[in-house]
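Visitor: Note that the protein sequences, when read in sequence, are chains A and B. Residue numbering for the first sequence follows the working numbering, starting at 61 and increasing by one per position. Residue numbering for the second sequence follows the working numbering, starting at 61 and increasing by one per position.
Hints are supplied without guarantee of correctness; some may be wrong.
No copy labels: a pair is met if it fits in one copy or bridges any two.
[To be verified] Here are the simulated lysine-lysine pairs, DSS-like style, with alpha carbons at most 25 Å apart:
1) K255 - K129
2) K129 - K103
3) K124 - K276
4) K255 - K103
5) K186 - K255
6) K276 - K103
7) K124 - K212
In case anyone wonders, no lab produced these hints; they're calculated from the structure.
Protein chains: 2
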Amino acid sequence: MSYYQHKSSEAPPPPPLPPGQLRLYHVHMNPYAHRVRLVLEAKRVPYELHALDPLRLPDWFREKNPRLKIPVLEVPTPQGDRCLFESIVICDYLDERYPQNPLHSSDPLVKAQDRLLIERFNELIKGSLECFDTNFTFGGDQILQTVDVFEKELAARGTAYFGGSSAGMLDYMVWPWLERLCLLRCLRPRAFDAKRDAFPHMSQWGHAMQCEAVVKQLASSPERYLQYYRSARAHAMGYCL
Amino acid sequence: MSYYQHKSSEAPPPPPLPPGQLRLYHVHMNPYAHRVRLVLEAKRVPYELHALDPLRLPDWFREKNPRLKIPVLEVPTPQGDRCLFESIVICDYLDERYPQNPLHSSDPLVKAQDRLLIERFNELIKGSLECFDTNFTFGGDQILQTVDVFEKELAARGTAYFGGSSAGMLDYMVWPWLERLCLLRCLRPRAFDAKRDAFPHMSQWGHAMQCEAVVKQLASSPERYLQYYRSARAHAMGYCL
């Protein structure tokens, strides 16, 4: 995994990709990029990482990706490098393009239901943003309602992970936000533990996920997230969370 | 294809599905249901249609689908009937579940790019809603900008359809709104023809789509759409367009 760092919009673009090599343009600590990295690592697809400063996007990146969405996966083709964005589209692409360790269910109905749950999870993402915007005053209800939907779903599946006996696409798509939620424990440990106990399946799932090799490799501590959020808040960087 | 009609929330639920039979709950003239019907017909999957009145949803439908999204595809399984919603999730499910006449590209990169274009097309949908809400005063720019993106894409592909030599998933996903756009010709024929001439590839594509068997079978005339829109507007039914 190579690593690039650009801090100025004058920095030169990275070189064209060698055949078969992927490049992920990302922003540090961004949960959508976290999704893609979990999938890249789970599928053991080689890639290089190129970090961007969202406040100073280089001009060549604007040309490459006029809609300025991040993360972007750059894919080499005989007709030139192609850019994919939208974390879910990128992750589904990776799962189809690289057959090893399939993450989606091979049953189209389960796959469709998982896609609907990934979409339902957007309510938790909105709740997290509202929590952040209101210094943890609002947004909690949306988060708890969504966790409750996932609690019931996991109980109904009767498996350790949503993907069965190992983490699958749905597990990885929701994990980045649930890993970050643990920062709430730093703020209100008792309230956090009480809420957690109300969701026994999700709580056990969270422990299992934290012990998973790929999750571990990319994990940050609750303290690190809290520090990042405080700094982002101070710099009005809410849009890149 | 069977047909049910309910006008009261007291109407009884339809019977459980026989194995292998699908049921689509839809609202008349709804473009999202139009998408699903195009795919069902293109793939020659047998299904029954169950029309709902969005202003008087039966109680059993609320139980079946607490989020009240329409259209819904009901799928029989040994564990009971399952409901799928979100037109794109339903259509992708159908394309995976029924291998005949595949609509998505077999190249994962093309499929991912098509998914991004389907998402980009939401700008045109928003523009159409704004047109409708403002009696055709605003929303036109969003529509034209999106058509321009698709014009350039079709020119770059150099094929009659986005799917190649025949209509594919992207063609069917955008068609319902482009069929409806022709109602603008009833209002301002000269302005409409002038705009259309600015998009020669999309114009030719529109003609080809109109002659396609599945599209023809489900088509309504521009006059019919205009009449429907006027009536929906009079009844403040914008949300179900």
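Visitor: Now, for every hint given, state plainly whether the structure supports it.
Guide: Hints versus structure:
no. : hint        : verdict
1   : K255 - K129 : neither (35 Å within a copy, 30 Å between copies)
2   : K129 - K103 : within (24 Å within a copy, 34 Å between copies)
3   : K124 - K276 : neither (32 Å within a copy, 39 Å between copies)
4   : K255 - K103 : neither (33 Å within a copy, 47 Å between copies)
5   : K186 - K255 : within (19 Å within a copy, 39 Å between copies)
6   : K276 - K103 : within (15 Å within a copy, 44 Å between copies)
7   : K124 - K212 : between (42 Å within a copy, 16 Å between copies)
Violated hints, listed in ascending order, are 1, 3, 4; each of the other numbered hints is respected by the structure.
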